[in-house]
Amino acid sequence: MIPFLALVRKDLRIFFNDRKAVIIGLVVPIVLASFFGYMFGGQGGDAATSKLAVLVIDEDGSDISRSLVSSLAGDKNLDVKPSTVDGAKEVVRKGKATAAIVIPKNFGQDAGRALFTGANKPEIGLLYDPSHKMELEMVKGILSGAVMQTVSKEMFNGSSGREMVNDSLARVENNPEIRAGDRKVLRDLLGSVKELNERRAAEQTATPAQGSLSGGLTMPFETHEEALTSGNNVAYNGYAHAFAGMGVQFILFMGMDVGIALLLLRQTGLWQRLRAAPLSRTMLLGSRTVSAALIAGFILTAIFTFARVVFGVRVLGSFMGFVGVCIAFSLMTAAFGLMIAALGGTPEATRGFSVMATLIMVMLGGAWVPTFVFPPWLRKLTLVVPTRWAMDGLDAMTWRGFGISEALAPIAVLLMFALLFGTVAVMRFRWRAEG
Amino acid sequence: MLEVNGLTKSYGGLVAVSGVSFRADRGETIGLLGPNGAGKTTTVSIIAGLLSADSGEVLIDGRQVKSDTDPVKLKIGLVPQDMALYDQLSARDNLTFFAALYSISGAKARQAIDDALNLVGLADRAGDKVGTFSGGMKRRLNLAAALLHDPEILLLDEPTVGVDPQSRNAIFDNLEALQKRGKTLIYTTHYMEEAERLCDRIVIIDHGRVIADDTLQGLHKMLPITNVIAIELDRVDGFAPEAVLALPEVKSAELSDGTLRVGVHDLSGGAPGVLRWLTENGHAYHHFSSEQPDLETVFLTLTGRSLRDSK
Numbered sequence: 001m002i003p004f005l006a007l008v009r010k011d012l013r014i015f016f017n018d019r020k021a022v023i024i025g026l027v028v029p030i031v032l033a034s035f036f037g038y039m040f041g042g043q044g045g046d047a048a049t050s051k052l053a054v055l056v057i058d059e060d061g062s063d064i065s066r067s068l069v070s071s072l073a074g075d076k077n078l079d080v081k082p083s084t085v086d087g088a089k090e091v092v093r094k095g096k097a098t099a100a101i102v103i104p105k106n107f108g109q110d111a112g113r114a115l116f117t118g119a120n121k122p123e124i125g126l127l128y129d130p131s132h133k134m135e136l137e138m139v140k141g142i143l144s145g146a147v148m149q150t151v152s153k154e155m156f157n158g159s160s161g162r163e164m165v166n167d168s169l170a171r172v173e174n175n176p177e178i179r180a181g182d183r184k185v186l187r188d189l190l191g192s193v194k195e196l197n198e199r200r201a202a203e204q205t206a207t208p209a210q211g212s213l214s215g216g217l218t219m220p221f222e223t224h225e226e227a228l229t230s231g232n233n234v235a236y237n238g239y240a241h242a243f244a245g246m247g248v249q250f251i252l253f254m255g256m257d258v259g260i261a262l263l264l265l266r267q268t269g270l271w272q273r274l275r276a277a278p279l280s281r282t283m284l285l286g287s288r289t290v291s292a293a294l295i296a297g298f299i300l301t302a303i304f305t306f307a308r309v310v311f312g313v314r315v316l317g318s319f320m321g322f323v324g325v326c327i328a329f330s331l332m333t334a335a336f337g338l339m340i341a342a343l344g345g346t347p348e349a350t351r352g353f354s355v356m357a358t359l360i361m362v363m364l365g366g367a368w369v370p371t372f373v374f375p376p377w378l379r380k381l382t383l384v385v386p387t388r389w390a391m392d393g394l395d396a397m398t399w400r401g402f403g404i405s406e407a408l409a410p411i412a413v414l415l416m417f418a419l420l421f422g423t424v425a426v427m428r429f430r431w432r433a434e435g
Numbered sequence: 001m002l003e004v005n006g007l008t009k010s011y012g013g014l015v016a017v018s019g020v021s022f023r024a025d026r027g028e029t030i031g032l033l034g035p036n037g038a039g040k041t042t043t044v045s046i047i048a049g050l051l052s053a054d055s056g057e058v059l060i061d062g063r064q065v066k067s068d069t070d071p072v073k074l075k076i077g078l079v080p081q082d083m084a085l086y087d088q089l090s091a092r093d094n095l096t097f098f099a100a101l102y103s104i105s106g107a108k109a110r111q112a113i114d115d116a117l118n119l120v121g122l123a124d125r126a127g128d129k130v131g132t133f134s135g136g137m138k139r140r141l142n143l144a145a146a147l148l149h150d151p152e153i154l155l156l157d158e159p160t161v162g163v164d165p166q167s168r169n170a171i172f173d174n175l176e177a178l179q180k181r182g183k184t185l186i187y188t189t190h191y192m193e194e195a196e197r198l199c200d201r202i203v204i205i206d207h208g209r210v211i212a213d214d215t216l217q218g219l220h221k222m223l224p225i226t227n228v229i230a231i232e233l234d235r236v237d238g239f240a241p242e243a244v245l246a247l248p249e250v251k252s253a254e255l256s257d258g259t260l261r262v263g264v265h266d267l268s269g270g271a272p273g274v275l276r277w278l279t280e281n282g283h284a285y286h287h288f289s290s291e292q293p294d295l296e297t298v299f300l301t302l303t304g305r306s307l308r309d310s311k
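Taken in sequence, the protein lines are chains A and B.
Just so we're aligned, residue 1 is where the first sequence starts under the working numbering, counting upward by one.
Just so we're aligned, residue 1 is where the second sequence starts under the working numbering, counting upward by one.
Bound-form chain B, shown alone (with noise of 0.2 Å):
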């Protein structure tokens, strides 16, 4: 459906993107996961045709964009970052005009703003002007009004950016539905929680470079350890957590708050091993559970820097 190949940008010495490849099938959602100016929103202007690339290319359905009223842009929905909406005009109203760009009117416009409506909710105040909305309900209309001439594509440009959490569970609503459609979605973001729960895959970028391409469960396996096991303990006088340490599958073990956190390589065959020592030699405990490292350990493995406070 749609492959970036070896993208490179840059605006005199500063490169902003380097060599970036990555694909999306149909159907899928691609997570572009980087901090604030990782080059997630260079690429996603590339993709859209806003920005030319000083070399690489985008092939959508194995074509290329070739001018600017290419038909190939129709099957592309762009979300931008920035709010994209007239405050002056009313919701349909301004969905009128974005599907009048696609040469979208008449009955088959308004049932297509019908139909972008009731998907982010907001069907009810089609007749408000946009200036009276609140931050959340802009950002699903900013969603609808890119739906609107069915694009196969949807780029998605950070679309939580600035929103309550109520809102933000909207929109995730609202993709989620797209998903069911078949839509392909290209998500850009910096909350790993929103790739880990959208993504089907996810493209780590900093330094507007692919540092990582993998499915979260592939991702996860780069890691030392997968999983962590947090055991509850019921006493914890003279208890020493390097003796964990000698087991096979162990990678890490540390005591805090009457709690152990073992970490293991290889849940199923690390876990047992564990919770059978503990027994063995006395040492009671009354919960225990497991727990993935996240997305943010993963950008903190591959690059030793947090992903909140990259630069």
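So here's chain A without its partners, still in its complex pose (with noise of 0.2 Å):
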């Protein structure tokens, strides 16, 4: 036991007598943690780094056209601003704005026409950052919306709607091309609504304005939003989710590094002088191990205290459970270092193909962006990635508040993982300097 403990004690007085690497180990993680979780919600996710970035140029001026722009402006989810032509076609090309919206002349006029006759429609132009097309679509929707109300609500209240109704009539009378069925209908149609906007302005000359249409035509159902979390009236913590991502990320390259550093080790004298030791192959991979697992554990929760502390990230599932995710991706990752010095050949060469490999199972296992963002056929290859299990056992027991029950699978696969890299580190450890 005094060799093991020795050996355990040695490796982690070496990590923590470098302080500078120590600083930086777990600083760029906490900052790059930081970051992505402002990016991605923050602390409650209607941060106004989510608001889309739109400009709106209202070559039109009109009632209509004033209406639709304030329409967007009080949308939630953008952040309007007035524009020209030329102008937002600088700034959405330099990729400041998501979209401009172009509103053309002569924009009222033609949609109160188009609404009823479905003739010479408007266009409104739309000019987009073709990196945003999810956006765009976003911007679209809200449009459409705004566009329907503004419009119906001037047809049916405004002054200009009662012109366009009349306009609108004497147009459907003149047309030879409404059939005699059709004029009829629409003749009735156009009929009501004049009767009804002649009513409405001569309530609204005795009393405010009131009723169902006086704001327009709406979408007729509304949504009730509810974010499920850990439970009522505990909001989304995006940081929850960027902190076990670069807390997974950074502890794979300290596995690496565990790795490298063994290879390196084993062209030294250190290496001869442990080898001639009475001491087995089991204790020299096996203190590394656990040398390793504690520094990764370190890491973590430097990384979550961190993140506890400053953003308020709870694990509000099952500790234990969170505890064991901690516990099973330290071992995974330790084996994993193990198993980078078993396979690899000369520490350079291996420090690139483990880079690599590092790079991938982080981008696979979602912690930079959360897999749901994958394809289907992705997501379910990922299931062969470690660190899609631990990184889907952390959110589990952070921000979702899930049981220690969720927290069983990604646990036990993790160990598996570790078996697997271990076994793989043992058979294939080279313990002889010549290889």
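Careful: at least some of the hints might be erroneous.
[To be verified] Computed spacing ranges between beta-carbons, pair by pair:
1. B:T8 <-> A:L12: 38 to 48 Å
2. B:V15 <-> A:M1: 25 to 35 Å
3. B:T8 <-> A:M320: 56 to 66 Å
4. A:L264 <-> B:P241: 17 to 27 Å
5. A:M1 <-> B:D82: 20 to 30 Å
6. A:P375 <-> B:G162: 57 to 67 Å
[Claimed, not checked] Examples of chain B residues toward chain A, derived with CB under 10 Å:
7. P80
8. Y102
9. G121
Since the hints were made in silico from the structure, they are not lab data.
Cβ coordinates follow ideal geometry from the N, Cα and C atoms, glycine included.
Using the hints, put the two standalone chains together into the complex.
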């Protein structure tokens, strides 16, 4: 036991002796996690960062277009600013705005007419950043709703609406392309709208506007949004996933360093001295596994402590489950490092290969971006990546707030990976310096 | 104490050692002498259990090392050629760690560490990080680390590589102190003066084979001459060194810078005759001395190549 403890203690002392490296090893993941957490919604998901920057160019200047701009500006998902066409093109091209909406001249008039007759629909220009196509769809949806509401409101209430109804009635009467039967129906519809408008005008003179159509046509439903986190009144904390992701990434890099260090050690007199001592191979590799796992556990603890204190990230699920996932992941990382040492050739060549392997594991594990953005086939494929289980386990125990039962599968899978990597390491490790 | 029998080791097609055999008795110092790449380090690595031999055996007190944890390994202390220390730790912390590898802890470890530090003269630097040490100090600490478990056999793989003469002398003093304590030393080197100073017997290895195994005196006897008599003549005008070759026991004679160098097979038999001949023939001299040929000469004689230039 004395040699085993000495080997572990020596690894820990050497790790903590290099204070600059320790600080950098903690600061870098914390800074990156803070950044990613902020980008992915911060502490509540309604921060200013989630609003889409949209420019609006109102070339019409009518009541309808002004009302449309006002409606867009009032949307909680958009950050609307007025602009010119040239100015908007420049800003969108630079990627500083997601899209620009160009409301053309005579939009109000043409849109009002098109509402009933379908003719001469005005074209709203959309200038967009091709790297934000997903957001463009969102802008188009919001724009459609705003246009329908604004135009219909004006048609059923506004003074220009009354003029346009009269104008539309005249056009219906004079348009030879409209069949007699259709003409009668349209005449009745527009006549009813005209009658409604006149009654509204009379009522508005007497009392302030009220009624179901005073706000225009709106979506015939509303959504009730509820974020399913660990419980009622518990807001989603984007930092939880980000800190888990960056923790996983940097601990994997630490594991990789353990493997490279072992390869380098094998080239030194220290390895000869260790091998000359009456120590079993299990002890030499086992002590390295334990020390690496302890260092990994320390890094995770430090990172999550920072996240707890600064960003309010909490383990809303089972604390035991959280600790279990951390331990299993730490052991898996340590075994991963040993496997690198076992399979690697020269330290230099191994470093390049293992950096690539680590980054792929981190990427596919959902440490950078959540796996739900992956296509379904890739989501299934990532189940063979240990980091995916670590991320799922940490997410489940932190912001999703699940009980320990949801940690059992990640813990079991991570331990199986640790066993697999460890077995490969022991079987393939080249004990002799000559390789 | 130590028996090495017919060790053979190859790396692919390269034969590193081939049939190496020698033995070391308790308290004896054996020098493994040979040029770089001769197979000295491979031999030491096999003895220490770092490498497995393709064939042959190593016996320590009649027993082979059978596993990584075999207690027989406790009888061996290894001083690797490469520095085997943690620069980030202090000298004492290094030694505490290496002592723990042999399950030595507590007061026993402290005593062993103090003894080792005193032996190598680093007690006053025990608390300093090894990274601040000079190359010579690191070499001495490298030696100290192998002594903590009080091994009976010390394997020293070129322990003076890259150190200044002062540190080298300090290491020699340390090793001589260990000799006095009855330790068996296996000392690899390609510096013949080191082997000459320290070793009771010298095993010369070249191209993985033992080409000689004897005491220094025994090795000298393999040479056609055992001594060179250097005689500084008063006058050299008209002197022909070839005339000396006619004397019995004289094997070689050359004159340079007023000094006549005469090689003899037997000093006591040859020297009086040479000096008498000079006197009788009117060649006065004012000083004479005798020199033994060094190991360089031995190696040159045995291999036809210089020790330092060998590849």
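Any hints this thing doesn't respect? Which numbers, in order? 2, 4 and 9
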